[in-house]
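This is what each chain is made of:
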Amino acid sequence: MAEKLYIEALREGLREEMIRDENVFIIGEDVGLYGGAFGVTKGLFEEFGENRIIDTPISEAAIAGAAVGAALCGMRPVAEIMFFDFFTIAMDQLVNQGAKNRYMFGGKAKVPMVIRGPMGCGTGAAAQHSQSFPSVLAHFPGLKLVMPATPYDVKGLIKSAIRDDNPVVFAEHKLLYWTKGEVPEGDYTVPIGKADVKRQGKDITIVAGSIMVPRSLEAAQKLEEEGIDVEVMDIRSLKPLDLQTVVSSVKKTGRVLIVEDDPISYGWGAEVAAGIVGSEAFDYLDAPVKRLAGLDIPIPYNPNLEKHAVPQVPNIIDAVKEVLR
Amino acid sequence: MTLTREKRLWMYQKMLEIRNFELEVDRLFKANMIWGTCHLSVGQEASAVGSIAALEERDMITSTHRGHGHCIAKGGRLPQMFAELLGKETGYCRGRGGSMHIADLELGNLGANGIVGAGIPIATGAALASKLKKDGKVTLCFFGDGATSQGAFHEAVNLASVMKLPVVYVCENNLYGMSVPFRKASAVENAADRAKAYNIPGIVVDGNDVEAIYEVVKEAVERARRGEGPSLIEAKTYRWLGHSKSDPRVYRTREEEEEWKQRCPIKRYRQQLISEGVDEEDLEKIEKDVEKAIQEALEFAQNSPEPKVEEIMDGVYA
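Which chain is which? The protein sequence lines are H and Y, in order.
Residues in the first sequence are numbered consecutively from 1, following my numbering.
Residues in the second sequence are numbered consecutively from 1001, following my numbering.
Looking at chain Y on its own, in the form it has when it is part of the complex (with noise of 0.2 angstroms):
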C-alpha cells in the first residue's frame, strides 16, 4: 500500500468531522433544532471516507439518504451543511432540500437521495456522460444494502455492466434496512454475492477498516478507469443509532448494539496510526481542529438568514 501521511492524516480526520457533525446534528434534533427527518450515518464513516479516499478530485459520486459522510468526504463545506439542515438561505439547497438532497455539483457530489436506490441508475448515467465524453472520471455509487433489493440497482448495474462503463457501486451493508435484517430481505448471504449475475467483481471488505475499503475501492476505481467496467464493493458495517429519528430500535439488541461499538472505525484507526509512529499529539491537534470546525460552522449556520417566502418559486425550472 502506498498511502502517504498526509493522505492517512486526511482519512482520519475525515471521519472525525463525520462523527462530530453528525453528533452535533444528533444534539440539535433532540433540541428540535432541526425539522422533518435525517438519517445519521455514526458508526459508518470508514466506508464513506476510505472509498472517496480512492477517487481522483475530478470523479463523482452519487450519495443516499444517509449521506452526511460521503458529503463531507467528498469536500463537501461543513458550514453550508448544518445551514441546509437548519433550512437556511445559505444551506447547500438554500433551505429546499433539507439532509435528504446535499448536492455539491462543483465538487462532483450529484446528490443525496431520499428514495431508496434511486441514485444508482442516476451514477450509471453520469459513468455514461463520461464514456461518451471520455473524460477520464469515474463515479462512484454509495447505497445501502436495502437497495439491492430495488428493480433500480438491478436495472443500472445490468446496464453498466454491459456497457463497461466507468463506476464502482459501493453497498454499505449495515445489516438492516430501517428494521429488517439483512438476511431476512436478502436471499444470498452478501450483497456482493449479486455481482455474479451481472458478471462483475463483487467483493466483501471489513466496513470498518477505512484503509481495507480504501485498497479495494482503489482497485475497482482503476478497473473502471481502464475502461474495464463496474465493480460491487460490499463494506460490512454498522450504523449506531437508529434509522432516523424517533426509531425505538427494538429490532436488535442492546448488545449487539456495543460490540459494534467495540469494532468503531475512528478508534481502531487512532490506535492503528499510533501503533504505526503517527505522533499522538498531531492526531490530538486535528481533533481540536475538528472540534473548532464544527463549533464555527454551526455558528455561521444559526446565525444565517431564513429563506425568502417571496422566493419559494425559484428554481423549479433552468
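Bound-form chain H, shown alone (with noise of 0.2 angstroms):
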C-alpha cells in the first residue's frame, strides 16, 4: 500500500467521488486556480473545470445556504469553510436550515451535504483562526460530524460523507495535512459513526480524537519503553457517537483518558465521559474518569503561549501516569 500525505488521501477521495457521481461539487473560497487556501482541492479546478470547481465570494453564509439549496435539489455539494473559525459565519445556514430542514418539514426532504473546514492551532494564525469547536457542531440534532486522523480514514469518511444523505460536518486539524500514512488505491469507505482502535493495548484507554490521535499513539509508544501498554482509541465520529466501542475497551483495561483539542468546558469529552460511568463500564473503572483538552481560553499567539494552548506529547504521558498511580 501507498504512503500518501493526509491532504493527497483526502483529494484523491473527493476526486473520486467526483469521477463517480456528477451531482457532486465543490463551492468555496479559493478552491478553484488557487486549490484552497491549505491546498486540497490543488488540481481539482483543472480537472473539473469552474462549473464543479466553484470559486465563490467571500460569503460563508451564501457557501452554505447555496449547498443547502442544492443540496434539496438532488445535488451533492462539498462546501469548504476556509478555516474552521469561519463556520460561525455559515451557522444559520447550517444549523437553522440544513440540520432542521428534514425533521421540520416532517421527515421529508433530504440535505446531502458536506460542509468542511481545517480547524486547530500550531500554526501561530492565533485566535480566530485556529478554534477547534467540533463540540458545538456536535449538539445540533440533524447534523453528522467527523473528524479523521489518518490519511486513510480522511479518504474512506470523505466518501462517506458525500454518499451520506445528510449534512456531515467534516472537521479537518491543519496540522494533519501534512502526516503520512498508508492509503489503498481506489473505492473504500469508512464508516461514520464508528470509533477506531488504533493501538491495542491493556493497562489504560486512551480516547482521543483527531490531531490528538497521532500524539496519543506517540505519548503510547514512549510510555511503552516504560512498561506501560496503551490503547488509543480513535473517537472518528462525534456525531452519531461510538459509546458501544468506548465502552468495551474500558471494560478491558479498567482505565480511561480522554484528550481533546477543544477547550475543555462542554467539550466532546465529557459527554464520552457521561456514556462511561453511566454504561456497565463503570462497574470496571479502577480509577477516575480523566480529561486532557484545551485550555479555555482563545488560541494565543506567541508560539510557547499557543503550545500550552492544547495537550503535547508529554501532557498525555503525564496524564496516562495520574490515571495510573
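Since the hints were derived computationally from the structure, they do not count as laboratory data.
Keep in mind it's a predicted model, so treat the numbers as computed, not measured.
You may find that some hints are simply not true.
Said to hold, decoys possible - Restricting the straight-line Cα-Cα distance to at most 27 angstroms, the calculated cross-link-like pairs of lysine-lysine (DSSO-like) are:
1) H:K108 x Y:K1131
2) H:K110 x Y:K1218
3) Y:K1218 x Y:K1164
Stated by the list, open to error - Cβ-to-Cβ under 8 angstroms is the rule here; a few derived chain Y residues that face chain H:
4) A1031
5) G1075
6) Y1092
7) R1096
8) G1097
9) L1105
10) L1110
11) I1115
12) A1123
13) G1125
14) G1151
15) A1156
16) Y1317
17) A1318
Here a beta-carbon is modelled for each residue, glycine too, at the ideal position from N, C-alpha and C.
Got two chains here, each in a separate frame; can you build the complex from them with the hints?
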C-alpha cells in the first residue's frame, strides 16, 4: 500500500467521488485555480472545470446556504469553509436550515451535503484562525460530524460523508494535512459513527480525536518503553458517537483518559465520560475518568503560549501516569 | 399581455383561497385552536399569486414566515396545510413544523422559513443546482422588506448575479418589518434600488395588482431561464392584520390601514374581470367552491389524528 499525505488522501477521495457521481461539486473560497487556502483542492479545477469547482465571493452564509439549496434539489455539494473559525459566519444556514430541514418538514427533505474545513492551532494564526470546536456543531440534531485523524480514514470518511443523505460536518485539523500514512488505491469507505482502535493495549484506554490521535500514539510509544501498555481509541465521529466501542475498551483496561483539542468546558470528552460512567463500564473502572483538553482561552499567538493552550505529547504522558498512579 | 381567461380565473381563485384560508386561520387562532404563532398575509395575496402565475409547474420557490399564500399559489393542498397548523399527523410536516415550516418539495416549494432572509441563500443554491444540472428550472425567492437588511440577502444576491443563476428575487414590501417602518430600516427608498449594487434589474411594481406583478415577474423569469441572471422585483403592498398574533399595531394608524383596505387586491381584480367581460356568475361559482373547499379542508384537519409521541424521533436523519 502506498504512503500518502493526509491532504493527498483527502483530495483523492474528493476526486474519486466527483468522477463517480456527477452531482458532486465543490464550492468555496479560492477552491478553484488557487486550490484552496491549504491546497486541498489543488488540481481539481483543471480536471473538473469551473462548473464543478466553484470559486465564490467571500460569503460563508451564501456558501453554506447555496449548498443547502442545491442539496435539497438533489445535488451533493461539498462546501469548503476556509478556516473552521469561519463556520460561525455560516451557522444559520448550517444549523437552522440544513440541520433542521428534514425534521421540520416532517421527514421529507434530504440535505446530502458536506461542509468541511481546517480547525486547530499550531500555526501561529492566533485566535480567529485556530479554534477547534467540533463539539459545538455536534450539539445540533440533524448534523453529523466526523473528524478523521489519519490519511486512511480521511479518504474513506470523505466518501462516506459525500454519500450520506444528511449534512455532514467534516472537521480536519490543519496540522494533520502533512502527516503520512498508508492509503489504498481506489474505492473504499470508512463508516460514519464508528470509533476505531488505533493501538491495542491493556493498561489504559486513551480516547482521542483528530490531532490528538497521533499525539496519543506518540505518547503510547514512549510509555511502552516504561512498560505501560496503552490502548488508543480514535473516536473519529462525534455524531453519531460510538460509545459502545469505548465502553468495550474501558471494560478491558479499567482506566481511561480522554484527550481533546477543544476548550475543555462542554467538550465532547464530557459526553464520552458521562457515557462511560453511565454504562456497565462503570463497574470496571479502577480509577476516575480523566479528561485532558484545551484551556478555556482563545488561542494565543506567541508560539510558547500557543503550545500550552492544547495538550501536547508530554502532557498526555503525564496524564496517563496520573491515572495509573 | 397574453393571459388566458382560464389563467385569470385561476389567479382570482388562488387569491380567494389564500384570503379565506387565512381568515379561517385567524378565527381558529382567536378560538385558541392553533398553538404557537403564525403570520398572515391578508391583503398581500396578489404578490404571491401574480408571481407564481409567471412560473412553470416545474419551477421552484422558497417562501417566508408569512408563507401560506406562496404555498397555496404553488398548488399546496389546503387539507394538509390546515392539518399542519392544527399540529396533526396528516399535516404537511406531520405536525413537526407548524405554520413557518411548510414545504412541498414535490410541488417545488422548498419551504417557508422562520429566519428572516434565510431562504435567499437556499433559493440561490436551488438555482445553482438548476444551472449545474441544466434542467431549465427557475427558482423564485420570496422575502419581505425586512430581509433586505440581512447579510444573507447581500451575500446570496451578489453570488447569484456573479454566477448568473436562474433565480428571481421577489421582495414583498408590506412597509413594516414587524413594527419598524421600511423607511427607517432602509437607506434607499425602494428595496429594488438595491439591485444596482448587484448590476441586475430592479423593478418596483404595485403589489396589489396581480396582473402587473405577473407581467414583471414573467419577464424576469424568462430572463433567468435564458441564462441572463437574476432580477429583483419589489411588490409594494400591505398586511392588513398584525405581524403575528397579539400585535396591537401601535406603529401605524387605523386610517392608514383603512386606506390600504380600499386597495384590496381581490376586490379590485374582481371588478377588473367583470369590467373586462367575465360573467359575474362564474366568479360567484368560484367563490362558493373556494368556501366549500376551505370547510372540507378544515374538517379533514380537525378529524385527523395527533402525531404519536412514540414517533417523536422520526425524521431527524435520512
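Cross-check of the supplied hints:
{"no.": "1", "hint": "H:K108 x Y:K1131", "result": "24 angstroms, holds"}
{"no.": "2", "hint": "H:K110 x Y:K1218", "result": "30 angstroms, violated"}
{"no.": "3", "hint": "Y:K1218 x Y:K1164", "result": "17 angstroms, holds"}
{"no.": "4", "hint": "A1031", "result": "25 angstroms, violated"}
{"no.": "5", "hint": "G1075", "result": "16 angstroms, violated"}
{"no.": "6", "hint": "Y1092", "result": "6 angstroms, holds"}
{"no.": "7", "hint": "R1096", "result": "5 angstroms, holds"}
{"no.": "8", "hint": "G1097", "result": "4 angstroms, holds"}
{"no.": "9", "hint": "L1105", "result": "6 angstroms, holds"}
{"no.": "10", "hint": "L1110", "result": "6 angstroms, holds"}
{"no.": "11", "hint": "I1115", "result": "5 angstroms, holds"}
{"no.": "12", "hint": "A1123", "result": "6 angstroms, holds"}
{"no.": "13", "hint": "G1125", "result": "2 angstroms, holds"}
{"no.": "14", "hint": "G1151", "result": "6 angstroms, holds"}
{"no.": "15", "hint": "A1156", "result": "5 angstroms, holds"}
{"no.": "16", "hint": "Y1317", "result": "5 angstroms, holds"}
{"no.": "17", "hint": "A1318", "result": "4 angstroms, holds"}
Checked against the numbered hints listed earlier, the structure breaks hints 2, 4, 5; every other hint is satisfied.
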